[in-house]
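Based on the provided sequences and hints, a complete structural model is requested.
Chain order of the listed sequences is A and B.
Letter 3 of the first sequence, counting from 1, is numbered 3 in the numbering used here, and no numbers are missing.
Take the position in the second sequence, starting the count at 1, then add 205; the result is the number in the numbering used here.
Think of the hints as simulated: they come from the structure by calculation, not from any bench.
We put the CB at the ideal spot given by N, CA and C, even for glycine.
Hints may be right or wrong, so weigh each one.
[What the hints assert, rightly or not] 20 Å max Cα-Cα, derived SDA-like pairs, lysine to any residue:
1. B:K272 <-> B:K347
2. B:K347 <-> A:A179
3. A:K142 <-> B:V386
4. A:K142 <-> B:E395
5. B:K272 <-> B:A283
6. B:K347 <-> A:S184
7. A:K142 <-> B:E398
8. A:K67 <-> B:N247
9. A:K142 <-> B:K272
10. B:K347 <-> A:G183
11. B:K347 <-> A:C182
12. A:K142 <-> B:N247
13. B:K314 <-> B:L284
14. A:K142 <-> B:M381
15. A:K142 <-> B:C387
16. B:K314 <-> B:R281
17. B:K347 <-> A:E190
18. B:K347 <-> A:R197
19. B:K347 <-> A:E193
20. A:K67 <-> B:G248
21. B:K272 <-> A:N42
22. B:K314 <-> B:G341
23. B:K347 <-> A:R178
24. A:K142 <-> B:R402
25. A:K142 <-> B:S389
26. B:K272 <-> A:G43
[Said to hold, decoys possible] Partner residues are not named here, just some residues of chain B that face chain A (Cβ under 10 Å, in silico):
27. G245
28. E332
29. V372
30. V375
31. R402
32. V403
33. L408
34. R409
2 protein chains.
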Amino acid sequence: MVTSHSVAAARPQGVVSRRRGPVLERAILEAALDQLSTVGWNGLTMEGVAAGAQTGKAAVYRRWPSKEDLVAEALRAALPALGEAPDHGSVREDLYQLCRRVRAAMYSKPGFALRAVIHECDSETSERFQALIVTGVTDPSKRLLEEVIQRGIARGEVRPDAPGDLVYDVIPAIMMYRAKVCGSEWGDAEIAEMVDRVMVPLLRR
Amino acid sequence: MVTSHSVAAARPQGVVSRRRGPVLERAILEAALDQLSTVGWNGLTMEGVAAGAQTGKAAVYRRWPSKEDLVAEALRAALPALGEAPDHGSVREDLYQLCRRVRAAMYSKPGFALRAVIHECDSETSERFQALIVTGVTDPSKRLLEEVIQRGIARGEVRPDAPGDLVYDVIPAIMMYRAKVCGSEWGDAEIAEMVDRVMVPLLRR
Numbered sequence: 001m002v003t004s005h006s007v008a009a010a011r012p013q014g015v016v017s018r019r020r021g022p023v024l025e026r027a028i029l030e031a032a033l034d035q036l037s038t039v040g041w042n043g044l045t046m047e048g049v050a051a052g053a054q055t056g057k058a059a060v061y062r063r064w065p066s067k068e069d070l071v072a073e074a075l076r077a078a079l080p081a082l083g084e085a086p087d088h089g090s091v092r093e094d095l096y097q098l099c100r101r102v103r104a105a106m107y108s109k110p111g112f113a114l115r116a117v118i119h120e121c122d123s124e125t126s127e128r129f130q131a132l133i134v135t136g137v138t139d140p141s142k143r144l145l146e147e148v149i150q151r152g153i154a155r156g157e158v159r160p161d162a163p164g165d166l167v168y169d170v171i172p173a174i175m176m177y178r179a180k181v182c183g184s185e186w187g188d189a190e191i192a193e194m195v196d197r198v199m200v201p202l203l204r205r
Numbered sequence: 206m207v208t209s210h211s212v213a214a215a216r217p218q219g220v221v222s223r224r225r226g227p228v229l230e231r232a233i234l235e236a237a238l239d240q241l242s243t244v245g246w247n248g249l250t251m252e253g254v255a256a257g258a259q260t261g262k263a264a265v266y267r268r269w270p271s272k273e274d275l276v277a278e279a280l281r282a283a284l285p286a287l288g289e290a291p292d293h294g295s296v297r298e299d300l301y302q303l304c305r306r307v308r309a310a311m312y313s314k315p316g317f318a319l320r321a322v323i324h325e326c327d328s329e330t331s332e333r334f335q336a337l338i339v340t341g342v343t344d345p346s347k348r349l350l351e352e353v354i355q356r357g358i359a360r361g362e363v364r365p366d367a368p369g370d371l372v373y374d375v376i377p378a379i380m381m382y383r384a385k386v387c388g389s390e391w392g393d394a395e396i397a398e399m400v401d402r403v404m405v406p407l408l409r410r
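And the structure:
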């Protein structure tokens with residue numbers, strides 16, 4: 001106690017006292033996301049993250065022993081919540097609004113970072129992230145889709161045997177595929193087309 | 206002429222004379238695919254490819270000035286043909302057989318290599334490969350899907366307004382998504398489930 005007080009007293013006020021504990025941790029996690037967004041998973045280094053957070057490499061390694069641990073924590077902390085399921089009285093409109101939210105999440109900083117991890121990791125590393133992807137991304141979006149589809153069933157718009165994991169995967173699969181393979185940026189018109197040409201025919205009675 | 210003859214004569218017979226022109230080129234392209242399958246796009250180096258082809262780095266650079274050029278050529282030369290559209294008298298069976306062929310292509314050596322390129326390239330590099338992916342992979346598989354669907358329309362199984370790019374993207378999108386995000390290996394039962402739960406409801410009248 002006495003020692004740490006005297007060390008702090010020996011340094012200029014301000015920066016040092018602000019950059020302790022949770023605040024420093026947040027700065028490191030934020031720097032990890034920045035690195036993922038700019039240089040990707042393969043380009044990210046513990047040194048680069050430390051530099052980005054204006055701290056030393058030891059401060060990073062003390063908290064996260066590996067790049068994988070650090071990135072998993074950074075993603076877990078930052079992944080955007082998708083909110084409550086939209087409820088506009090029609091499955092078409094609800095799916096359209098839900099896809100716009102998925103797009104916003106995809107193009108957010110943690111969304112870019114997560115896609116960098118998914119796309120760039122070799123299969124061994126990406127297995128380590130699958131649980132995170134499932135609990136942080138696919139499960140929450142599935143829950144919203146399920147709610148939208150169940151309401152459609154209750155209204156008689158959607159066939160009762162539609163729900164299922166493969167059906168829930170269609171939207172994220174097409175959105176990721178076109179973003180990667182065709183460089184699509186998913187404008188509103190393209191989202192509406194996907195809802196009208198794929199999801200509505202797939203779900204209707 | 207005289208010089209090259211005398212050089213060949215000065216070396217042991219066999220290897221040197223067999224490793225000229227197209228044969229050496231094929232060995233280099235094959236080594237590039239091997240590298241992509243084992244160390245991925247990011248791990249591939251011109252040195253590694255030269256070593257794999259048991260030739261010198263200069264022999265590689267003389268033909269392909271960059272890693273991008275080499276990989277594009279290697280993929281173009283090796284991508285498997287999907288063959289003629291299956292024709293078993295039902296859209297369900299035809300789609301099932303077509304998906305099994307897509308799976309075989311995905312898990313072939315050039316298929317792994319192409320996925321390494323798609324997943325690992327940063328967006329700038331992957332733009333350079335998009336034309337190749339379109340002409341070598343998505344266009345041919347779309348043509349087969351279109352044929353299968355048009356025959357289904359002629360038989361009255363498929364609704365006439367079903368055909369369209371977004372509908373053709375559903376199968377490759379889900380197959381790539383589950384392979385990457387859930388580590389799926391697409392056994393026959395999973396393919397059948399995708400056809401029955403997604404494609405048949407999406408296409409039927």
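Each hint, compared with the structure:
1. B:K272 <-> B:K347: Judged against 20 Å, a Cα distance of about 29 Å means the pair is violated.
2. B:K347 <-> A:A179: Holds, at roughly 18 Å.
3. A:K142 <-> B:V386: Roughly 14 Å separates the two Cα atoms, so the pair holds.
4. A:K142 <-> B:E395: Since the Cα atoms of K142 (chain A) and E395 (chain B) sit roughly 19 Å apart, the hinted pair holds (cutoff 20 Å).
5. B:K272 <-> B:A283: holds, 16 Å
6. B:K347 <-> A:S184: The hint holds at about 18 Å.
7. A:K142 <-> B:E398: holds, 18 Å
8. A:K67 <-> B:N247: holds, 17 Å
9. A:K142 <-> B:K272: This hinted pair is violated, its Cα atoms lying about 40 Å apart.
10. B:K347 <-> A:G183: holds, 18 Å
11. B:K347 <-> A:C182: holds, 14 Å
12. A:K142 <-> B:N247: violated, 33 Å
13. B:K314 <-> B:L284: holds, 9 Å
14. A:K142 <-> B:M381: Since the Cα atoms of K142 (chain A) and M381 (chain B) sit roughly 18 Å apart, the hinted pair holds (cutoff 20 Å).
15. A:K142 <-> B:C387: holds, 14 Å
16. B:K314 <-> B:R281: holds, 13 Å
17. B:K347 <-> A:E190: Holds, because 19 Å separates the two Cα atoms, which is no more than 20 Å.
18. B:K347 <-> A:R197: holds, 16 Å
19. B:K347 <-> A:E193: Given pair K347 (chain B), E193 (chain A) holds - Cα atoms ~18 Å apart, limit 20 Å.
20. A:K67 <-> B:G248: Answer holds: K67 (chain A) to G248 (chain B) is near 18 Å, not above 20 Å.
21. B:K272 <-> A:N42: holds, 17 Å
22. B:K314 <-> B:G341: Holds, at roughly 15 Å.
23. B:K347 <-> A:R178: holds, 14 Å
24. A:K142 <-> B:R402: holds, 16 Å
25. A:K142 <-> B:S389: holds, 18 Å
26. B:K272 <-> A:G43: holds, 18 Å
27. G245: holds, 6 Å
28. E332: Because about 6 Å separates E332 (chain B) from the closest Cβ in chain A, which is inside the 10 Å limit, the hint holds.
29. V372: Nearest chain A Cβ about 6 Å off; hint holds.
30. V375: With Cβ-Cβ at 6 Å, under 10 Å, it holds.
31. R402: With a minimum Cβ separation of about 5 Å from chain A (threshold 10 Å), the hint on R402 (chain B) holds.
32. V403: holds, 5 Å
33. L408: Where the cut-off is 10 Å and the nearest Cβ of chain A is about 8 Å from L408 (chain B), the hint holds.
34. R409: holds, 9 Å
The structure shown violates the earlier hints numbered 1, 9 and 12.
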